[in-house]
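Asker: Below are the chains, spelled out letter by letter.
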Amino acid sequence: MDITGFMSGQRKLLIAGSIVLLLVFIATFPLYGGVYNTRVLTSMLMYVVLAVSWAMFSGPTGYMSLAPAAFFGIGIYTMALLQNELPFPVIIAVGGLLAFALALLVGLVTLRLKGIYFAIFTFGLVVFMSEMVYYVEARLGQIRGRDVIPLDAQMLLYTMLGVAVATLLAAYFIRRSRYGLALLSIGANEEAAAHMGVNTTMIKVILFAVSAIFMGAAGVVTAPALMWVDNRIAFSTFYSFLPILMAVFGGMGQLHGPVIGAAVLGYLDKTLRVQLQVYFMLAFGIILVLVILFLPNGIVGLVPMLQERLRRLTARLRKGGEAEPHANT
Amino acid sequence: MPILEGQDVTKYFGGLAAVSNVDFHVDQGEIVGLIGPNGAGKTTLFNLISAAFPLSSGEIRFKGQKLNGLKPHQICKMGVSRTFQETKIFANMPVLQNVLVGAFFGSANRVSGADAAREASQALEVVELSAMGATPVKDLTLVNQKRVEVARALATEPELLLLDELMAGLNPTEISEAMELVTRIRDRGITIFMVEHVMKAIMGICGRIMVLHYGEKICEGTPQEIVCNKQVIEIYLGEEADAAS
Amino acid sequence: MIERIPQLITYGILSGGVYGLLAMGLSLQYGVCRVLNITHGEFVMLGAMLTYALTISLEMNPFLAAAITGPLMFGLGFLLQTTLFRSLKARAPSPAAFEGSALLLAFGLLYVIKYLAQMRWGGASLAAYYLTDKVTFLGMTLFLNQIVAFAAAVALGTAVYVFLTRSRLGRAIRATAEDPATAGLMGVNTNMILALSFGLGGLLAGVAGTVVSTKETISSGMGFNTTVIALIVVALGGLGSVPGSFVGGIIIGIVSMLVVGLWEPVLVVPVYYAILMVLLLARPAGILGKK
Chain E
1 MDITGFMSGQ RKLLIAGSIV LLLVFIATFP LYGGVYNTRV LTSMLMYVVL
51 AVSWAMFSGP TGYMSLAPAA FFGIGIYTMA LLQNELPFPV IIAVGGLLAF
101 ALALLVGLVT LRLKGIYFAI FTFGLVVFMS EMVYYVEARL GQIRGRDVIP
151 LDAQMLLYTM LGVAVATLLA AYFIRRSRYG LALLSIGANE EAAAHMGVNT
201 TMIKVILFAV SAIFMGAAGV VTAPALMWVD NRIAFSTFYS FLPILMAVFG
251 GMGQLHGPVI GAAVLGYLDK TLRVQLQVYF MLAFGIILVL VILFLPNGIV
301 GLVPMLQERL RRLTARLRKG GEAEPHANT
Chain B
1 MPILEGQDVT KYFGGLAAVS NVDFHVDQGE IVGLIGPNGA GKTTLFNLIS
51 AAFPLSSGEI RFKGQKLNGL KPHQICKMGV SRTFQETKIF ANMPVLQNVL
101 VGAFFGSANR VSGADAAREA SQALEVVELS AMGATPVKDL TLVNQKRVEV
151 ARALATEPEL LLLDELMAGL NPTEISEAME LVTRIRDRGI TIFMVEHVMK
201 AIMGICGRIM VLHYGEKICE GTPQEIVCNK QVIEIYLGEE ADAAS
Chain R
1 MIERIPQLIT YGILSGGVYG LLAMGLSLQY GVCRVLNITH GEFVMLGAML
51 TYALTISLEM NPFLAAAITG PLMFGLGFLL QTTLFRSLKA RAPSPAAFEG
101 SALLLAFGLL YVIKYLAQMR WGGASLAAYY LTDKVTFLGM TLFLNQIVAF
151 AAAVALGTAV YVFLTRSRLG RAIRATAEDP ATAGLMGVNT NMILALSFGL
201 GGLLAGVAGT VVSTKETISS GMGFNTTVIA LIVVALGGLG SVPGSFVGGI
251 IIGIVSMLVV GLWEPVLVVP VYYAILMVLL LARPAGILGK K
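As given, the protein sequences belong to chains E, B and R, one line each in that order.
If you read the first sequence in our numbering, its first letter stands for residue 1, the second for the next number, and so on.
If you read the second sequence in our numbering, its first letter stands for residue 1, the second for the next number, and so on.
If you read the third sequence in our numbering, its first letter stands for residue 1, the second for the next number, and so on.
Treat the hints as calculated values from the structure; they're not laboratory data.
Take these hints with a grain of salt, some might be off.
[Claimed, not checked] Taking CB as the label site, the calculated pair distances span:
{"id": "1", "chain 1": "E", "residue 1": "R318", "chain 2": "B", "residue 2": "P54", "range": "35 to 41 Å"}
{"id": "2", "chain 1": "R", "residue 1": "A53", "chain 2": "E", "residue 2": "N84", "range": "49 to 55 Å"}
{"id": "3", "chain 1": "B", "residue 1": "G15", "chain 2": "E", "residue 2": "R139", "range": "50 to 56 Å"}
{"id": "4", "chain 1": "R", "residue 1": "P6", "chain 2": "E", "residue 2": "L272", "range": "50 to 56 Å"}
Even glycine gets a Cβ: it sits at the ideal position worked out from N, Cα and C.
With these hints in hand, go ahead and build the complete structure from the sequences.
Answerer: Quick look at the structure:
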């Protein structure tokens with residue numbers, strides 16, 4: 001977390017430069033990467049969107065939503081249903097809006113109560129959506145699953161890049177704003193936050209719903225790559241588990257944590273999962289357990305943690321074994 | 001002119017009355033103390049005023065407006081702010097961000113970023129913590145953590161400040177400094193209602209004192225009147241006698 | 001269709017017993033250890049799969065198998081609490097932060113257990129029914145294993161209830177759930193209590209798994225949906241209430257049978273959610289639970 005709220009001019013320039021370079025790399029990738037790898041890159045960006053938007057709400061507040069898959073799936077089905085009816089950008093907006101609406105409902109019902117009800121409700125939400133969609137499709141509509149017309153891989157890459165950029169910008173500006181401060185205060189001590197004038201329920205509900213927009217949008221853009229979807233494919237618990245794993249692995253507290261986690265694990269997922277299947281998912285589960293236990297601040301927290309350990313070690317050596325005053329009792 | 005009044009305030013937890021038919025009032029500009037043995041209901045009364053939980057019966061009014069049914073954030077925006085017995089600071093956040101939460105959200109109207117920053121630094125000046133804006137609150141001493149809580153509450157622009165055991169755990173020097181701080185705050189036009197166990201502070205700065213015992217108000221008056229009150233002496237001397245035996 | 005209602009309701013009550021057992025274990029684990037154990041369904045799955053393995057390979061009586069799966073799942077729960085959740089709790093900056101990270105930890109564990117099971121037993125559905133004899137009662141056709149399942153659930157549930165309310169250990173557990181700090185000061189070994197409670201929840205899940213395997217198809221992937229149901233029953237019946245768990249379980253049982261029999265099997269979960277939503281809007285503490 002940015003303690004002082006500002007960085008030196010040089011560091012800012014370096015970071016801005018790297019971001020520009022990265023964007024250029026991604027934008028030109030289709031020219032030399034080939035179709036398959038372009039799809040892999042698009043997938044990685046999809047995971048970036050999911051991980052960042054999950055961390056947007058669950059990171060600061062500590063309210064762990066287990067429902068990203070539900071909102072993502074809504075996006076997928078929105079595309080499957082509307083692909084011939086509306087232009088692609090409009091479908092993205094509609095997908096985002098529908099995800100927003102569902103998240104708003106879930107939030108209004110559960111976020112005014114203890115956090116456990118939020119967890120209970122979001123855990124099964126993907127099953128709820130899967131069954132509902134199946135019912136409407138198979139029983140009322142007499143069909144099971146739909147074809148999704150594949151779109152140009154390059155266009156999908158750019159679109160997903162656009163969604164990713166939008167997600168990151170939203171996450172960045174929310175973090176810096178008073179609402180980001182409010183979310184942190186809710187996670188730190190919700191009762192105190194309320195007593196200092198924070199309308200905790202409203203802020204939680206709105207920010208949770210906003211984070212769902214991007215998940216829905218990512219779903220819309222992913223659907224053409226799947227080519228055929230049914231309720232099982234669209235609403236799969238993987239799309240809850242993987243983004244959470246990526247965000248936690250990368251580091252929930254920082255903006256770039258989930259990005260790094262999504263890039264690294266998303267790449268591994270796309271390239272290795274097909275070959276190693278069950279072992280792979282097992283490994284991912286173990287990684288999540290280990291990271292929660294031993295690396296709670298994720299990969300990005302590793303550097304400060306090592307620095308702190310080094311500092312304490314050298315201080316102890318310098319003082320020749322004298323006990324160090326503990327600031328934190 | 002009472003800025004805060006309560007009538008017949010009662011709170012039951014299960015079958016037990018933590019606060020029972022308490023009438024009270026605090027006038028504008030006063031520093032009123034609330035004392036009583038542990039478990040007397042003092043913090044419960046504060047929690048009822050700030051709406052941490054609802055009343056079982058009775059009424060509390062701030063500036064003539066009923067507080068029943070309102071939520072804590074609404075009461076804060078009306079002008080009532082507080083600190084907590086077990087300091088509820090935002091531990092991992094820096095001092096300045098802690099106070100900024102109060103600055104941004106505590107006023108009735110929307111505050112600009114610049115105004116909030118100004119409020120926050122003013123509040124930090126009052127508690128004399130301006131130099132520590134960037135320090136994470138969890139790294140501070142207890143005294144300073146309590147001051148951050150006060151600054152955070154001040155940043156909400158309160159007209160009434162509820163202080164819950166501000167002096168607990170402080171040494172004599174720190175207590176004197178805290179007493180000065182409270183008086184300084186009152187001199188800025190903020191009415192103060194404080195729960196305290198530290199007699200030196202109560203006697204030193206409170207204009208009026210209320211005594212609670214087993215949830216009931218047993219008397220109130222000036223420090224001199226309270227000290228001479230037979231019931232109060234019994235409660236406290238009785239405690240001392242128990243402690244001595 | 002209408003004539004089927006009494007039978008459906010009876011089926012619902014009978015299956016509700018097992019649901020109540022599930023909810024009771026989960027409720028205990030959350031109430032005492034403050035862990036929302038979303039791996040609960042995986043414990044049930046393990047109980048079911050182990051029972052299947054024992055009955056198929058050793059031709060063991062499933063109810064005898066419960067004597068193995070119960071203690072085994074108790075051990076697993078005990079282990080998880082003493083190793084993982086306890087060390088997580090020690091590092092957590094606040095109780096709220098602990099609950100959040102414990103939830104994520106459990107989420108990871110869910111996948112570990114699920115995929116270990118899949119590696120061992122594959123993903124296919126299996127069946128090892130027992131006591132499928134029919135019984136006629138008041139004009140309705142019931143199955144023996146349904147009745148036995150219900151009886152077992154009620155027996156075990158009552159035993160746990162009596163244990164929690166009458167025994168010294170039970171009271172220590174309830175004290176720790178209510179106020180861990182004070183309980184510790186009064187001499188209660190809270191670490192042991194937490195481990196025992198988590199283990200007890202695991203035991204209940206394991207036995208529930210055994211019972212389920214006698215009357216339903218099972219698979220290594222059955223855990224997730226089982227957890228969803230258990231969570232809903234807990235939310236309906238109220239956290240921390242044993243009678244509430246059973247009331248909630250029976251209600252869910254009846255609702256599920258009615259929806260399956262009269263409407264549409266696939267709408268069972270959506271209906272649960274609708275009920276939960278209404279309840280959370282009206283009475284957040286559940287039917288019998290405390291806030």
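Asker: Can you give the numbers of the hints that this structure goes against, from lowest to highest?
Answerer: Hint 1 contradicted; others consistent.
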